[in-house]
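Asks: Spelled out, the chains give:
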Amino acid sequence: MKTERPIKEFLAEAEDILESVSRSLLSLDEERSAGGPAPDTINGLFRYVHSFKGLAGVFGLKPPADLAHKLETLLDEMRLGRIALNSDVLDVLFDTTSVLGRLVKQAGAGGQFEDIAAAVSSIDAVLKSESSSPHDRSILERIGLEKSVLQVLTEYEEYRLIENLYERKNIFRLKASFDISDFEERIKKLNALLKQHGEIICTLPSAESGTGIGFTIIVGTPESAESISTLVSSFGVVIEQVPYAAPKTSHPVQAQMTEAQAIRSASNTVRVDIYKLDSLMNIVADLHLAKNAVGRIATDLRAHAEVSKYAADLNKVHRNLERKLSELQDGVLDVRMVPIGQIFTRLAQVVRKHARESGKEIKLELMGEETELDKLMIEDLADPLMHLIRNAIDHGVELAEERRRLGKPEQGLIRLTAYPKGNRVVITVEDDGRGMDPSVILAKAVEKGLIGADHGLDPAADRKEVLDLIFLPGFSTSEKVTEISGRGVGMDVVKKNVSKLSGIIDIETESGVGTRFVLTLPITLAIINALVIEAGGQVFSIPLSSVLEIVRATPEQVQTVEAREVMVIRDETVPLLRLSQVFGLPNGGKQRLFYVILVGLAERRLGLVVDRLRDQQNIVIKPLGKRLADTPGIAGASELSAGERRVVLVLDVESLIDAAFKKGRQQTMDMESG
Amino acid sequence: MKNILIVEDSRSIRSIIRVAVEEAGSYFAVEAENGFEALKTLPTRSFALIITDINMPDINGLELISFVKSNPAYKDIPLIIVSTEKSEEDKRRGMALGAFGYLEKPFKKEDLVAMIKKAIGDR
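So the sequence lines, in the order shown, correspond to chains A and B.
The opening position of the first sequence corresponds to residue 1458 in the working numbering, with each subsequent residue numbered one higher.
The opening position of the second sequence corresponds to residue 115 in the working numbering, with each subsequent residue numbered one higher.
Read the hints as simulated data drawn from the structure, not as lab findings.
Quick reminder that beta carbons are idealized off the backbone N, C-alpha and C, glycines included.
Take these hints with a grain of salt, some might be off.
[To be verified] Some residues of chain B that are not near chain A, with every Cβ distance over 12 Å (derived):
no., residue
1, M115
2, G139
3, S140
4, E145
5, S160
[Unchecked claim] Only pairs whose alpha carbons sit at most 16 Å apart, straight line, appear in this in silico EDC-like list of lysine to aspartate or glutamate:
no., chain 1, residue 1, chain 2, residue 2
6, A, K1652, B, D172
7, B, K154, A, D1639
8, A, K1585, A, D1533
9, A, K1645, B, E151
10, A, K1953, A, D1963
11, A, K1820, A, E1855
12, A, K1645, B, D172
13, B, K154, A, E1665
14, B, K154, A, E1641
15, B, K154, A, E1642
16, A, K1901, A, D1911
17, A, K1646, B, D172
18, A, K1957, A, D1837
19, A, K1832, A, D1735
20, B, K183, A, E1665
21, B, K189, A, E1665
22, A, K1832, A, D1787
23, B, K154, A, D1636
24, A, K1519, A, E1571
25, A, K1921, A, D2115
26, B, K205, A, E1612
27, A, K1953, A, D1837
28, B, K231, B, E136
Chain B with its partners taken away, still in its complex shape (with noise of 0.2 Å):
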């Protein structure tokens, strides 16, 4: 089974998020509260991708997005982003430093199982 791994730090959408993965296929998901927990997580096993938020305490999604992508380990593994970020600036740098997609929040669990799809490649 194929992990994934969901870093946001509200347990409520973290726990909304898991079960769109769990829709979108029989897919692991692995949570982790904030930014330090993803980097302690991201080592114990493969992702197959990884969902995030941008506005996070410590680390951001942006910082954590360029530290995958920088890192030979996990810069294939691609990253959704699940924000509800009023800036739009924040988004574009978030794809600029290479996101898969951009999903914002409130989102349609339609949308998340279908961008999850895309982005790992499943049929």
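Just chain A, with the same shape it has in the complex (with noise of 0.2 Å):
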């Protein structure tokens, strides 16, 4: 019908429901390299797409409808099992968004419609391709669900129902009954617990006495009833299990399930909180301070001849104790730890869409999928390496033209890499592109004011320190904002991030040749190994991770070059910092012996002077409390066993590192001026 109505109103919802369409799509394509799309996703695909197609129809805007109506028959296909989802589906659901998306604009801007005849037609060349048989409702039939129940499933429905059938999926009938005042809250709540364990097949609402209102809940699952019924103990359900008579021969679709599918189904995973991971990690913590106050009273207890044999007891149970507590702490680390490769299948995504959007063609290399990484870590990661993708894809690599011109490959490359080093992962973010000039970076920071111009950097001799002028706040934001990589975020957030993490980035780039952003982290943040040094009489730690050697030395080791402490280790100039210096200590230099610990990556070494070292132990960070908390040169706190229960604080390495070249520079400068 055609309408008066301002095409305003259509523009706005049109455009909202093309995000989710292409939100979903993203997540489609996502799941599809993970084992499978995820029924609910294309059927909320579905309904999006046929909510765009009423919208579209009742504003009387043929084009869009009609193309929306095709793409709507596609996807009703899929949800009920008709054509599979391969890479070709994909790109026509993803070219027929994008298509719908000019189609609103031009809506918006009078209504002279594109063609749409090529988009329609490789939508029906997909249709043509239907590969499965439709279902045997018969099974229906045997099934131990009412009437009431089935008719009103919708066709979708009941497809998902009898998928779930010949899954041999247990069906489960709830029975939960809410008050009218807060039922939607506590149904909601519900229907998200089940989804994790299952699919929802329908709810269906009934009338109750009073002001209540009952729902009856579907859910197919692998699960058992009693971990269903563990799982909404506290929704006061009632559960049965609902009888069918399994179908006999194997289900054409299910022929066509991926081996992963397959897998997932049948395997007996649990999902846990992180958060919950956490809280065990911080009773693991807590049980390393039991156990060192265990060995203590052993040890104490050997010097008294009288009970010297409960001492030994006691020894031995420390040692049984410790053993155990490691393996267990090894155990909960080992739950927490997930493949990079999760996010590498969302990165994709991202390098696919702002690839498309910027008119680049990009070919993604993934290597090392399978590294392990603490699972939180990996969901703070996300956004950095999302930066560094779309900074490659922006800036990096150039237009297929010029590099045709260059000689390069018209398709850029870029190439997310893992592997892991040690206790520590690397992950490395490379493209092909124009690289990076030391030269116009400094020439940049100077003209931003950044830096001021009497710098004394030289772009060759201080290369790194002026490419690590990139990090600054300010380097990157205010450049033109682009749809793909300007939101805002410069690379010092990036670098922010990733230091929250203990981690540090480095920046390999050739101009001309490429650019790669090396990111290099601890395995997990929630239990470190570290190591108790002592400086200038207070008692430090630092993750062992960033430590990469410990040397023991002589004042007479220690040269003084520009005014800088350093000192020869293995044939290489070190430069060195005392701690008792940075943080303003008693001078602890007098000592005849003292330690050296080197730390750092790549060009960027430094020796901490300490003068003491205790022991190693296994820590949980803490944050420090507001005041403190941007305290340079401190990562955090955490609890020490030595002797008594004492709060020690744990050395942010990353941020004494910057600390020491920045001080070097302005040592140097000030004798240049000087």
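From the two separate chains plus the hints, produce the assembled complex.
Replies: Structure below.
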């Protein structure tokens, strides 16, 4: 029906819907790579497109309505299992969505629509490939579900029920009763919980006496009645298993299932909130403290002849405790570990989408997806990695024409690599684009007023330091905002996020050849192995993952170059930083013997001068209070078991390195100007 | 003034239906964005008619119709399905559950107005 309603209403809602469609498509692509699309995602897509069609139709916009109708038909076939998702189908979905996006814009610009014939016929081509035969509905005659439930299922819901039966899932009927005042919140919570463990076939409301409202929920799940009933125990739900006669023959669709899907439905995995694992980890840390106390008592007892027999026994208990505790810790840590491939797939979507948007052809290479990392860290890595990738597409990879001229393959390359390195993980984001030119960076930093014109830096000699200028706040943010990488987030935020994970970020770049960002991170932040040291009478701990080497030294080995203390370690001159000086503590420098702890990465190595090494411990880093949170050089605090339960500060190695190198520069500059 | 409940997840279509409702007579249109909202709205006043979509998240239109028809307090309220169902089957089921009528989107406003009048039985 033609309507006189303002087109603005259509535009706003149509754009909202298309955005949801795009989001779902990305999930769909991701799920496809991860083993198989979730029925819910396809159905969600179907609903969005369905709404879009209705909307366009009501506004009398024929081309968008027609194309959406075609797309809806395809999605309907897909959700009913008649067309399988493959990369061709996915391309058609993506392409059709961008055509719809253009049509919406054209509707806003007065309704001069482009020809949709090509888009329609590409959908038709896919529709012709219908790949599986319809279901045998007769199985529904052999299931213990009442007619009142069966008759309210939509065709799609019915299909999902049959599919669950063929997959031999357990079918449960849950009856819940809520008060009208808060039923929505409760049923949504209940359904969300159930969705994590299975598929909700339908939610049927029914009247109850008074102000109550009842729901019959039909769920298909691989899990047992006991586990489902434990899961929903707080909802006062009555659960019955729905009996059915399992199909005898293998279902055609089942044969199409990917191996991953087959494994997934058969596996007995549980989903656990990572914060539950965190609290387990805290308990492990507390147990470490308790265990150490036992050890101490055993040692004390040994000094008393009359109880020395108990001392020996207690010592044995202590050792046993230690062994089991470390197994427990490894176990809990292991549960937190997930392959980094999880995030790589998500990033692959970003590459796909942004390459499309920027009109560049990009080939993405993923390596080391099986490398494991703490789940929490993986989540926090998504943003920085995404930004690095956007940057690479935006500023790194050249346009096809330029690449051709340079004799490079037209298709740009972005490579994501991950590999374990000792107790750390290295992740690299690499492109074969135009690289970075230190002299350009230097000029830009001056132009933006980030450093003074009298910086005294040389693009070649101080290459590393110059490149690091891109991490200064304000370096990349105010540049022209492109749709892709310009979101007001600069490289400074990337660096901050990586530092928060106790990680270090390095740049390797060559003008005209490409850029590689190298992120080095600890495997986990939950519990870390730390070196406990003393400097200036204070106790500190240093994450062992940052320690490269420990050297014993005497004052004679320390040399002074350009007013900086340095020391030669393995033929390399390394600047030294006295912790006592950094934190304004009494100088313990008169000692004949001290220790240099070599920390850092790549060219940036630093020797931390400390008075004494104490021991090595597993610690859980706790954040500092607000007032101390931004203290440079300190990452947090942890509890130590040595002697009394005391709190020590954990050093932030990255910021110490930063400070040391900046200080060195100033000193050099002071000398030059003086 | 008689109340009419519109259950539809698209806000634009909701408002278009409301216009038709207001044109059909001196009716007051109450809008619900989804099935849950409809369930919450039903007890708040008496309704002369419910106009609902089928394809909605959480609770679909069929489930809503079944709820209304099995509930002594609401079972006499006529229901009109306004939907773009591809599925003839779903349309058939809606009618089997006791819907008064079915209108396919995009609908002509006059058709909806006529159906509303017929369903409520007003002249």
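Asks: Next, verify each hint and record whether it holds.
Replies: Each hint, compared with the structure:
Every C-beta of chain A lies more than 12 Å from that of B/M115, the closest at about 24 Å, which supports listing it as non-interface. Chain A leaves B/G139 outside its interface by the beta-carbon criterion, the shortest separation being 19 Å against a cut-off of 12 Å. The non-interface label for B/S140 is consistent with chain A: the shortest C-beta to C-beta separation is roughly 22 Å, beyond 12 Å. Against the 12 Å criterion, B/E145 stays outside the reach of chain A, whose nearest CB is about 14 Å from its own CB.
Non-interface status of B/S160 relative to chain A is upheld: no Cβ of that chain comes within 12 Å, the nearest being about 16 Å off. As the CA atoms of A/K1652 and B/D172 are separated by approximately 12 Å, the hinted pair is consistent with the 16 Å bound. The suggested pairing of B/K154 with A/D1639 holds, with an alpha-carbon distance near 9 Å, which does not exceed 16 Å. Taking the CA atoms of A/K1585 and A/D1533, the gap is about 14 Å. The hint holds against a cut of 16 Å.
For a cut-off of 16 Å, the pair hint linking A/K1645 to B/E151 stands: about 12 Å separates their Cα positions. A C-alpha spacing of about 13 Å is found between A/K1953 and A/D1963, which places the hinted pair at or below 16 Å, so the restraint holds. Restraint check for A/K1820 and A/E1855: satisfied, since their Cα atoms lie roughly 13 Å apart, inside the 16 Å limit. Distance check on the hinted pair: A/K1645 and B/D172 sit about 8 Å apart at the alpha-carbon level, within 16 Å; holds.
Annotation: proposed proximity of B/K154 to A/E1665 holds, straight-line Cα distance about 14 Å (limit 16 Å). Distance hint between B/K154 and A/E1641 is fulfilled; the C-alpha atoms sit about 8 Å from each other, no more than 16 Å. Taking the CA atoms of B/K154 and A/E1642, the gap is about 12 Å. The hint holds against a cut of 16 Å. Between A/K1901 and A/D1911, the direct Cα distance comes to roughly 14 Å. Compliance with the 16 Å bound is thereby established for this hinted pair.
Under the criterion of a C-alpha separation no larger than 16 Å, the hint pairing A/K1646 with B/D172 is consistent with the structure, at around 12 Å. Of the pairs offered as hints, the one joining A/K1957 and A/D1837 holds, with about 9 Å between alpha carbons and a cut-off of 16 Å not exceeded. Annotation: proposed proximity of A/K1832 to A/D1735 holds, straight-line Cα distance about 11 Å (limit 16 Å). The suggested pairing of B/K183 with A/E1665 holds, with an alpha-carbon distance near 14 Å, which does not exceed 16 Å.
Distance check on the hinted pair: B/K189 and A/E1665 sit about 14 Å apart at the alpha-carbon level, within 16 Å; holds. With a CA separation close to 15 Å, the supplied pair A/K1832 and A/D1787 stays within the 16 Å bound. The hinted pair formed by B/K154 and A/D1636 meets the criterion: a straight-line CA distance of about 10 Å does not exceed 16 Å. For the proposed pair A/K1519 and A/E1571, the alpha carbon gap of about 12 Å is at most 16 Å, so the pair holds.
For the hint pairing A/K1921 with A/D2115, the CA-to-CA distance comes to about 12 Å; that is within 16 Å, so the pair holds. Of the pairs offered as hints, the one joining B/K205 and A/E1612 holds, with about 10 Å between alpha carbons and a cut-off of 16 Å not exceeded. Restraint check for A/K1953 and A/D1837: satisfied, since their Cα atoms lie roughly 11 Å apart, inside the 16 Å limit. Of the pairs offered as hints, the one joining B/K231 and B/E136 holds, with about 11 Å between alpha carbons and a cut-off of 16 Å not exceeded.
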